[in-house]
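Each protein sequence line maps, in turn, to chains A and B.
So in this note's numbering, the last spot in the first sequence is 274, and the numbers never skip.
So in this note's numbering, the last spot in the second sequence is 265, and the numbers never skip.
Since the hints were derived computationally from the structure, they do not count as laboratory data.
Ideal Cβ positions, reconstructed from N, Cα and C, are used throughout, including at glycine.
Keep in mind that a hint or two might mislead.
Said to hold, decoys possible - The calculated lysine-lysine pairs, modelled on DSSO-like cross-linking and capped at a C-alpha distance of 27 Å, are:
| no. | chain 1 | residue 1 | chain 2 | residue 2 |
| --- | --- | --- | --- | --- |
| 1 | B | K5 | B | K96 |
| 2 | A | K188 | B | K112 |
| 3 | B | K112 | B | K96 |
| 4 | A | K188 | B | K93 |
| 5 | B | K96 | B | K206 |
| 6 | A | K97 | A | K128 |
| 7 | B | K5 | A | K97 |
| 8 | A | K128 | A | K188 |
| 9 | A | K114 | A | K128 |
To be verified - Which stretches of chain B does chain A cover? Using the computed rule of at least three CB atoms under 8 Å from a CB of chain A, they are:
| no. | region |
| --- | --- |
| 10 | 195-209 |
| 11 | 216-225 |
| 12 | 234-247 |
Here's the letter readout for the chains.
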Amino acid sequence: MVFSLRPQQQRDKMKYLKLLAVFMNSSLLVDLEYRANFIVQAIMGVFQTGITYISVALFFTHTDNLGGWTYEQSLIIVGLFSIINGVIYVFMQPNIKRIVEMVRDGTMDFVLTKPVNSQFMATLRYVKYSGMANIVAGFAIIALAFGRMGYAPDAPALVAFALMLSIAILIVYSIWLVMGATAFWFVKIDNLAELFNTLFDTARFPITTFSGIMRIFFTFVLPVAFITTVPAQAVLGQLEWLTIAGALLMGAALFIAGSLFWRYTVRSYTSASS
Amino acid sequence: MAMLKKYAAMGRAASAITFEYRAQIVIWMMSSFLMVVMLLVWLSISRNGAVNGFSSADFVAYFMVGWVVRNLTAVWTSWELDYSIRQGTLSPKLLKPIHPIHNEIAANWVEKILRIVIVLPIATTVLFLTPGANVVLTPAALGLFALAVAGAWLLSFLADFLVGMLAFWTTQTAAFIEGLYALKLVLSGIIAPIAMFPQVVQDMLKWLPFPYMLNFPVEILTGRASTPEQLLFGFGVQFAWVAVLLVALTLVWKLAIRSYSAVGA
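Next up, chain A with everything else stripped away, as it sits in the complex:
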């Protein structure tokens, strides 16, 4: 560590890690309590991945490439799409649902008055483990693609993949954070979430499938390109330095903007106590 944390900050850091462990543990207990639910959701997750696969594979009954990506390469994008979807189910959806409920019935008070960063507390409180099914299914598809290609990524490709996947998750988190923050204004935001899901549906295709304005939109406005295409390029060893820099910049900018936006909208919260 180049920077040594001040004792206060160090204690804070520990506190947050401990809290995170407590959150994950309590969520696990809930999931264990409702095992049938867990199983239904997990099966649905695998089913969904299958549907995604069909929706992309269908194109390959008529063509041998989508925007220059072969069938096997596109499978990696399908896998990544499923993984990110899983991450959304595990971390983002359960929390956003609670944020909306808490703003609506006024129990957000209990979050805001706790001596913990409100964004941390509101967006990482719940974990839904059943979404892991999508993640596992996604990795299985990627493994299948590698098997068909007879390709094994080397160490640099794997490192780049891990980094780009983390950035992708950070970007998705930031977008969901912004959506959650708007709950302080609009209260009802389920439609906003639906809008995200629809636009995110494009992430199952390589970004190069789209041309012109659409590609620009899905790269810079709603950075779908960085969510699936870039990590896929990383694991295939086709990443350029410029893309890495762009991804890092995009991830950092969105996260900072999202956090600032959260702080800004929290101020509009007026509670809903009777």
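Following the hints, complete the assembly by docking chain B onto the known chain A.
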């Protein structure tokens, strides 16, 4: 006549709610944007020549008409139903001297009108500006199209309501709603015209309700389903499924209400 009055009243109430949340309508409309995206993907392929008899203009026609149909047949009642069953707010609705399903239908129609006001001009403009985009606008075709859309809406609404009723027995309705949505996405023609599937799949699909929720009405208006045999078979299967779902809904509803004990007040 009395029913009409009731619908008018419920429609007014629903439109008041809809206008209250008017910003959301725009968002909702955009959420059927997936069809535009799929169109772009298909166009990226058809650039090199027709795909299964679909030229680029045919894809534009299919997806633009499909977009309109999708907005006309959009349903989301299952979410409301799931919520009101779990939260117990269904109880007061049950006490009213009218089946709760009518209220949902009225709300569904009000929003539909608002959606179509925006979607229709856009789709028409795109179709008008695309040379070779073939849409049959004879009175006969329009009449058949309207009937097929009505059937498609009925199928979508009934299937959605049935899935929503699962909330009487499980708290996991959301998973099933998502599952139905995923099936519809692939099998009804939202991501691809059914004609793009391998023949074996097409032969199986034509017996299932899904293609009749979107693909069938679109094929009528784009002139792909025009022979009496095609139409007779299509409407036959479509309304047979409507009947099946209607019977199922009635039975399940009776069963559910008997065992339903409200949560909360």
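Self-check item: In rising order, the numbers of the hints this structure does not comply with
Solution: 5, 7, 11, 12
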